[in-house]
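Enquirer: If you want the building blocks of each chain, they are given just below.
Number of protein chains: 2
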Amino acid sequence: MMHSKPTLFTCLSPALLHLYDLNNAVVVIIDVFRATSTIASALYNGARCVIPVDEVAKAIALSKNVDGIAAGERDGKLADGLSHGNSPLEYSPDFISNRTLVLTTTNGTRLLQMALDQDAHTIVTGSFPNLSAVCDFLIKENRNVVLGCAGWKDRFNLEDTWFAGAVIDRVKEHFTIHCDSSHMAEQQYLHVKENIHEHAPQLTHYHRLVERFGLIDDIRFCLTADVANVLPLYKEGMLLKA
Amino acid sequence: MMHSKPTLFTCLSPALLHLYDLNNAVVVIIDVFRATSTIASALYNGARCVIPVDEVAKAIALSKNVDGIAAGERDGKLADGLSHGNSPLEYSPDFISNRTLVLTTTNGTRLLQMALDQDAHTIVTGSFPNLSAVCDFLIKENRNVVLGCAGWKDRFNLEDTWFAGAVIDRVKEHFTIHCDSSHMAEQQYLHVKENIHEHAPQLTHYHRLVERFGLIDDIRFCLTADVANVLPLYKEGMLLKA
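Chains A and B are the protein sequences, given in the same order.
For the first sequence, position 86 matches number 85 in numbering that gives the first Met the number 0, and the numbering has no gaps at all.
For the second sequence, position 126 matches number 125 in numbering that gives the first Met the number 0, and the numbering has no gaps at all.
Among these hints, one or two may not hold up.
Intra- or inter-copy, both count: the list cannot distinguish identical chains.
[Claimed, not checked] DSBU-like, lysine-lysine: derived pairs with alpha carbons at most 35 Å apart:
1) K152 - K139
2) K152 - K171
3) K139 - K63
4) K234 - K139
5) K76 - K4
6) K4 - K192
7) K76 - K139
8) K76 - K63
9) K4 - K152
10) K4 - K63
11) K240 - K192
12) K192 - K152
13) K171 - K63
No lab work stands behind these hints, which were simulated from the structure alone.
The model shown is predicted, which means the values in this text are computed figures rather than measured ones.
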């Protein structure tokens, strides 16, 4: 059909990304706790750009070259040699304005690299803090979409699924969705939509972040819609505010 | 802790099976449409055993050696050289009693082979027709459990997830469940529990089976609890009624 709608698929784990054709698609990298929330926060607060890299050593080396901040985590903790972590609350305007953030994380930045390796047409990052910006962009682009959940070390997680569901809830009229993972994601999101913060304690990741690291404020920020409503768009190695 | 409960995890795709430790676990192979429903049906109706194999050519060769029935499908259709398909309704007592079924399918028998390759301690097959037998066995064994969804060519599907959720709904008091995919599966199942047949048309697989192959009766059987309530237990190359 000439006027058929573009497709939308939800990929529940980086280990399933190879099943999807990214060549003509917008890929939304989703790592709600916390990489893609941190990326939105840094750009919203005036960072010049965020450079996602897949290794700690690369982040350190590159940050020196570009006079940037080497930040990120491994297994949820600040890794040796990085000066800042992966908390969206660390990047206030005072601190981050006009600076370059070089970010490496366990799941999100790795998935972004995988999407690059699979020749994704367009890559953006999404999380609740920039939900509306992501949805508006997907509708405007009118191109196939793959919602890529970063998960936790290739395992499924619910918070990334909730975000995928929130996007689907908003944009579904504009896409052909014939994919059980998308239907599941939407239903999971609708189940928690009205009181998402109260559902957070059921997340495996909540226990890791709150009980081990005390990051309750991070959780709250990462599950709040449109508090850093910019669109991080990947271009030539950097995520820039579109 | 000495008396801690065994763990239960849900694996949403064969492509994620490597993330789980199967060495001391009961693995439940789940392929609701239709391999594991067909296995339950054949054993319930008196088959001597079901031999799962991963290739069509192997199924044909082996069926000749054991004087069995070479059955199965590729992409939902009877494959060349197989005499019977993957429908649970093909295996009535008249036909299957005291015979050996050599079965090869796109997803379920492949996942079983993967679990064998990962040295699973115990392998059983599960589907709605034998829901109670599976749950009773898992409780009695009191061992770690991995619910393995076969999906469709490594993609997530809802019907296998529903079955995983149905098992969790029944056995959860007996296990430590700290796994987002299990929580999601249970919630998805609870959402459809009261009228599962009415929810079937939302499944991607429903369209493949009903619109392309007219298999509405198969769908109904495969989503009905305890209509072939036996426990297929894998032992030395065969699935036998436990």
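Enquirer: Each hint needs a verdict: does it hold in this structure or not?
Expert: To see whether the hints hold, each was checked on the structure:
1. K152 - K139: both (32 Å within a copy, 32 Å between copies)
2. K152 - K171: both (29 Å within a copy, 25 Å between copies)
3. K139 - K63: neither (37 Å within a copy, 59 Å between copies)
4. K234 - K139: within (18 Å within a copy, 56 Å between copies)
5. K76 - K4: Answer is between; shortest inter-copy Cα gap is 29 Å, intra-copy 42 Å.
6. K4 - K192: Classified as both; 26 Å inside a copy, 33 Å across copies.
7. K76 - K139: So K76 and K139 fail the 35 Å test inside a copy (37 Å) and across (40 Å) alike.
8. K76 - K63: within (21 Å within a copy, 59 Å between copies)
9. K4 - K152: Both: 33 Å inside a copy, 25 Å across copies.
10. K4 - K63: neither (45 Å within a copy, 50 Å between copies)
11. K240 - K192: within (27 Å within a copy, 45 Å between copies)
12. K192 - K152: both (26 Å within a copy, 31 Å between copies)
13. K171 - K63: Neither. Shortest intra-copy (43 Å) and inter-copy (51 Å) distances fail the 35 Å Cα cut-off.
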